[in-house]
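Trainee: Sequence:
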Amino acid sequence: MTNVLVRSDSPAWRGQLVSYGIAFLRVGFGLLFLTNGISKATGWDGIHPFPGFLIDYDGAKGILAYDVQTHPLGPYKDFIDNVVLENYTFFGVMLTMTEISIGLMLITGAFANVGAIIGAMSVIHLNFANWDRNIWAWEYAVEWIPLIALVLIGSGRYLGLDEASAKLLPPPLRRWPLTG
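Each residue of the sequence shown is one higher than the one before, counting from 1 in the working numbering.
Quick caveat, the hints were computed from the structure, so don't treat them as lab data.
Note that this is a predicted model, so its numbers are computed, not measured.
Just to be clear, a hint being listed does not mean it is correct.
Stated by the list, open to error - Just the calculated beta-carbon pair ranges, DEER-fashion:
{"#": "1", "residue 1": "104", "residue 2": "46", "range": "16 to 22 Å"}
{"#": "2", "residue 1": "126", "residue 2": "24", "range": "19 to 25 Å"}
{"#": "3", "residue 1": "43", "residue 2": "90", "range": "17 to 23 Å"}
{"#": "4", "residue 1": "50", "residue 2": "81", "range": "32 to 38 Å"}
{"#": "5", "residue 1": "21", "residue 2": "81", "range": "39 to 45 Å"}
{"#": "6", "residue 1": "75", "residue 2": "49", "range": "40 to 46 Å"}
{"#": "7", "residue 1": "78", "residue 2": "21", "range": "42 to 48 Å"}
{"#": "8", "residue 1": "51", "residue 2": "72", "range": "32 to 38 Å"}
{"#": "9", "residue 1": "76", "residue 2": "13", "range": "24 to 30 Å"}
{"#": "10", "residue 1": "167", "residue 2": "145", "range": "29 to 35 Å"}
{"#": "11", "residue 1": "13", "residue 2": "75", "range": "49 to 55 Å"}
Glycine is no exception: its CB is placed at the ideal position from the N, C-alpha and C atoms.
Put together the whole structure using the sequences plus the hints.
Mentor: Okay, structure coming up:
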């Protein structure tokens, strides 16, 4: 007799599929952040043999400098130009560490909400930096909207380590948004 996977409409089956779907989305975003963070740390330029590239340390600086060239909010542009870009050695290292941390939190599901919140904030910042650019209106929203949804869902509870990581915290902190 052959084992055949039979589709079922049972709540347990659907619940399992939802768990897998949420975990798949969380891990996918984790890989996005982790690989770009590793690229900044090592200069690794892609996931070969797949096409495309990752944004390395110098590339991130160049993108930010380009994005704010015509930004309509003067104080923001000045802050990026005169503080962030002038001190990019510090900010670049912080960006690298942040992306790697976000990636690890999302992949493992340990403090996944924290990782997703920080990830969403970083993508929203990129969205804001491109305020005056003629880009697709949903260019960055396709990243920050699902990240916010992962926070609201408590994605680390789905095939993740949020329950175990909650035990590392004092009891008053063992709740959303720190853990699922």
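Trainee: Hints first: check each against the structure and report whether it holds.
Mentor: A quick look at each hint next to the structure:
At about 20 Å, the CB distance of residue 104 to residue 46 agrees with the hint of 16 to 22 Å. Between residue 126 and residue 24 the beta carbon distance is about 24 Å. The supplied range of 19 to 25 Å therefore holds. Residue 43 and residue 90 have their C-beta atoms about 19 Å apart, which keeps the hinted 17 to 23 Å range intact. Evaluation of the 32 to 38 Å hint for residue 50 and residue 81 yields a pass: the beta carbon distance comes to about 35 Å.
At about 42 Å, the CB distance of residue 21 to residue 81 agrees with the hint of 39 to 45 Å. The supplied range of 40 to 46 Å is met by residue 75 and residue 49, whose beta-carbon atoms lie about 45 Å from each other. Between residue 78 and residue 21 the beta carbon distance is about 43 Å. The supplied range of 42 to 48 Å therefore holds. Our hint of 32 to 38 Å for residue 51 and residue 72 holds, since their Cβ atoms are close to 35 Å apart.
The beta-carbon spacing between residue 76 and residue 13, approximately 49 Å, falls outside the hinted interval of 24 to 30 Å. About 31 Å separates the C-beta atoms of residue 167 and residue 145, a value consistent with the hinted range of 29 to 35 Å. The supplied range of 49 to 55 Å is met by residue 13 and residue 75, whose beta-carbon atoms lie about 54 Å from each other.
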